[in-house]
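6 protein chains.
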Amino acid sequence: MPEDRLTHLNEQGEANMVDVSGKAPTKRVAKAQSSITMTQAAFDAVNQGDLKKGDALGTARLAGIMAAKKTSDLIPLCHPLMLNKVEVEITPASDAPRFDINATVSVEGKTGVEMEALTAASVAALTLYDMAKALDKAMVIGPTELVAKSGGKSGDYQRS
Amino acid sequence: MPEDRLTHLNEQGEANMVDVSGKAPTKRVAKAQSSITMTQAAFDAVNQGDLKKGDALGTARLAGIMAAKKTSDLIPLCHPLMLNKVEVEITPASDAPRFDINATVSVEGKTGVEMEALTAASVAALTLYDMAKALDKAMVIGPTELVAKSGGKSGDYQRS
Amino acid sequence: MPEDRLTHLNEQGEANMVDVSGKAPTKRVAKAQSSITMTQAAFDAVNQGDLKKGDALGTARLAGIMAAKKTSDLIPLCHPLMLNKVEVEITPASDAPRFDINATVSVEGKTGVEMEALTAASVAALTLYDMAKALDKAMVIGPTELVAKSGGKSGDYQRS
Amino acid sequence: MPEDRLTHLNEQGEANMVDVSGKAPTKRVAKAQSSITMTQAAFDAVNQGDLKKGDALGTARLAGIMAAKKTSDLIPLCHPLMLNKVEVEITPASDAPRFDINATVSVEGKTGVEMEALTAASVAALTLYDMAKALDKAMVIGPTELVAKSGGKSGDYQRS
Amino acid sequence: MPEDRLTHLNEQGEANMVDVSGKAPTKRVAKAQSSITMTQAAFDAVNQGDLKKGDALGTARLAGIMAAKKTSDLIPLCHPLMLNKVEVEITPASDAPRFDINATVSVEGKTGVEMEALTAASVAALTLYDMAKALDKAMVIGPTELVAKSGGKSGDYQRS
Amino acid sequence: MPEDRLTHLNEQGEANMVDVSGKAPTKRVAKAQSSITMTQAAFDAVNQGDLKKGDALGTARLAGIMAAKKTSDLIPLCHPLMLNKVEVEITPASDAPRFDINATVSVEGKTGVEMEALTAASVAALTLYDMAKALDKAMVIGPTELVAKSGGKSGDYQRS
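Residue numbers (our numbering), protein chains in the order written: chain A, 1 to 160; chain B, 1 to 160; chain C, 1 to 160; chain D, 1 to 160; chain E, 1 to 160; chain F, 1 to 160.
One should not assume that every hint holds.
To be verified - Computed cross-link-like contacts, DSBU-like style, restricted to lysine-lysine with a CA-CA straight-line distance of at most 35 Å:
1. B:153 <-> D:27
2. D:153 <-> F:23
3. E:23 <-> C:85
4. F:27 <-> B:153
5. D:153 <-> B:85
6. C:27 <-> E:85
7. D:70 <-> E:85
8. A:70 <-> D:85
9. B:70 <-> A:70
10. B:70 <-> A:27
11. F:27 <-> F:70
12. A:85 <-> E:23
13. E:23 <-> F:70
14. F:70 <-> B:27
15. F:70 <-> D:85
Honestly, the hints are just simulated from the structure, not real lab data.
Let the hints inform the model, and build the full structure from the sequences given.
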């Protein structure tokens, strides 16, 4: 059941970190997805790199994983968390020159890891942009969205 | 004129930071955009917050600006740069419950600031997601894309 | 009951992180305060900014919150902690052109959060200095001090 | 000649990094000071540590130096700078149980280093608080203030 | 009993953070060692500095301690951990102009702290190199190795 | 011509960042090497991973590159630098189960990049340790040493 106001703002409308003192740590998982669409030439260069040596897609995967660990440093009101797992998968789409990015993050903590999963997917996409930008500057990142979350008081969520 | 291979990979397909030793520092500007679409209720809560106290949109703007300064720490092969300016604008769209994000970054350096502008726009969008996620988990971020760049050997670019 | 030596130094006088292995995590809260005194003109500019758009004081508040999360990176011998809450309040003083800063940090951990609260208050003050320094370079930050702490073996503390 | 508005806020009152594109890099120096006052017992413990092994004051000096390098990460609208020098001196006061902290930072850049000097002095003081807090929780940090700056369009400043 | 494949790679050979969700936090300790060998003149300068004021070796010790806290930021697939203790000892060798570095890290967590101990020892050695490099560029760091670990499912380890 | 004292210590033996204000930026290059020796089984697992998918060695290469950019954050008295290039090569040795790591860093700056090259090589080695530690805990890192440097007032250096 969604609340009716922005939880990060207090009654004076000031941004603050929410107090999670009273919450018990529970197992939480979040999955997010993003994608990057590019020209066929750029797609082929990235994808071929992967088949040969793995460094193009591997670099983006690692960047996403490392970014998940920096989430509380990037998103001002996020709580620091000791992540249990971060996984980033990048798969070439079959219907277009596009890479689909899926990030899964899990934790045993007092707050969810939606932002960590969304950050991992976003930074993996940005890194693919960086890898291929000499070939194509018109690449489009997104839509970036939460796929599912489980655990925590607000209940489970599954993108319909 | 785009090159025909991924510039961050060497001939063995290994990822490396490109050598910019021979390049002279020039004035470079990049503009990127992103957006976040949400329910009308979430949109109203974020937007009203802004009219009253500014903290919801202001927090996202600041997060974007600070993220631009972390770009070389987030994107593995980006060069560190002394940015001259970072500006993030977030405007409520008139045709839908959506916030449009525009980031402009400039530098006098040896490499462009496309990644810094894209990172600023992405992290501002992620922060808005974080601010409003108690109200709406189905928010959609993106498309995130480069709007324009100027300066540097590869010439100017303007999204058509 | 205060100890009679510097706990961060070992018997050879060498600085080290204290071992907290044997301590159980308990609920701990710390409150710190700082202030920044400036000319009436600078005060008015900052304060008016707040009434209109909130960005001057809001930026300082956010900077303080984010700095609390970086405390173990800034203070060499601090333990990393998963903070439950950080709150920074900045209020215009009534008796002088001065902003008073109050930071509250809570955690469920093995060490206290005095340093996190003091760091949050200090960086919020530094950020206000940065915002107003074109108007007044003679601004004075402080006194910065611990207001109260609770939890932990060393007992509660309340500034008298 | 001070300006009449907050330079970090644009005409809409929104916080942004100032554009320094048009400015030429010049030699700039800033000096800041802070202090920390404590009980005689805490003062003796810190000071004796220094005479013997140097680690108490040495740790605070290093923390200040390293913090100067993190200034643009801590203060949201500060430009990243390649500092030429950071020096932190901590001297025991003769008239009271107090340590005086002086920080000097220099750069050849487009913006001044007042914030870097103030940050170095503040974090050195915070670190001394951390070192001695088991002995005295009522220590007082500050006043923290700019002592002098030179270089840049706004001219030199010397605290009177 | 060692496993027969690289645990950080999944079945497709892709690097990912291992999932530690099912593991219970236990007390874990790791000890690592490194060393740096240099000319007698450089050794004397570093060592004398220590006897007098402590700053050369003290700086390296602190750098090692702070680096341990950054391990999950440096090593891409390391989990973030709330370290209980980091201790770095640097001792002049008696048989050669060499400093021996021992780092001990402990945690109550789901993964071991071998990497934290190895990182602390390595960065302490690198910092000594930095301190003495004007005197001797041919200094040799290492061997760097794990001395012992205890705790965790994989059992204890003691270097033979 | 080496100097006769530790340049990072002042006359009182206190550690400080050296002042490079008077130095002109010049082209500087540094090369460093490290290695990691392991059991044949661990070596085969890492190396095979590379032939198939590249992620084991690729992860270590990226970690080294990213660490070079963090050098001034890790080594307390290092100046921040805008690196022109970082390259890390990891090659399987032919005479033993060992990986040899070579890092090359270049900059146009006021100080050399020896520490950046040594840091890149060290962190690449540490990352390989992390990748293979489930197979072999007795791996040995090093010797880690400077191979060559050019540029700067102190002249060129070539390991003999």
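Quick rundown of the hints versus the structure:
Of the pairs offered as hints, the one joining residue 153 (chain B) and residue 27 (chain D) holds, with about 30 Å between alpha carbons and a cut-off of 35 Å not exceeded. A distance of roughly 23 Å separates the Cα atoms of residue 153 (chain D) and residue 23 (chain F); the hinted pair therefore holds under the 35 Å criterion. Annotation: proposed proximity of residue 23 (chain E) to residue 85 (chain C) holds, straight-line Cα distance about 27 Å (limit 35 Å). Under the criterion of a C-alpha separation no larger than 35 Å, the hint pairing residue 27 (chain F) with residue 153 (chain B) is consistent with the structure, at around 21 Å.
As the CA atoms of residue 153 (chain D) and residue 85 (chain B) are separated by approximately 18 Å, the hinted pair is consistent with the 35 Å bound. Restraint check for residue 27 (chain C) and residue 85 (chain E): satisfied, since their Cα atoms lie roughly 20 Å apart, inside the 35 Å limit. This hinted pair checks out: residue 70 (chain D) and residue 85 (chain E) have alpha carbons roughly 24 Å apart, not beyond 35 Å. A threshold of 35 Å between alpha carbons decides the hint, and for residue 70 (chain A) with residue 85 (chain D) the separation of about 29 Å falls inside it, so the pair holds.
Taken as a hint, the residue 70 (chain B) and residue 70 (chain A) pair is honoured in the structure, with Cα atoms around 11 Å apart against an allowance of 35 Å. This hinted pair checks out: residue 70 (chain B) and residue 27 (chain A) have alpha carbons roughly 30 Å apart, not beyond 35 Å. Simply put, residue 27 (chain F) and residue 70 (chain F) have alpha-carbon atoms about 20 Å apart, close enough for the 35 Å limit, and the pair holds. Restraint check for residue 85 (chain A) and residue 23 (chain E): satisfied, since their Cα atoms lie roughly 12 Å apart, inside the 35 Å limit.
About 32 Å separates the Cα atoms of residue 23 (chain E) and residue 70 (chain F), which keeps this hinted pair within 35 Å; it holds. Under the criterion of a C-alpha separation no larger than 35 Å, the hint pairing residue 70 (chain F) with residue 27 (chain B) is consistent with the structure, at around 25 Å. Taking the CA atoms of residue 70 (chain F) and residue 85 (chain D), the gap is near 18 Å; set against the 35 Å cutoff, the hint holds.
Violated hints are absent here; each numbered hint is respected by the structure.
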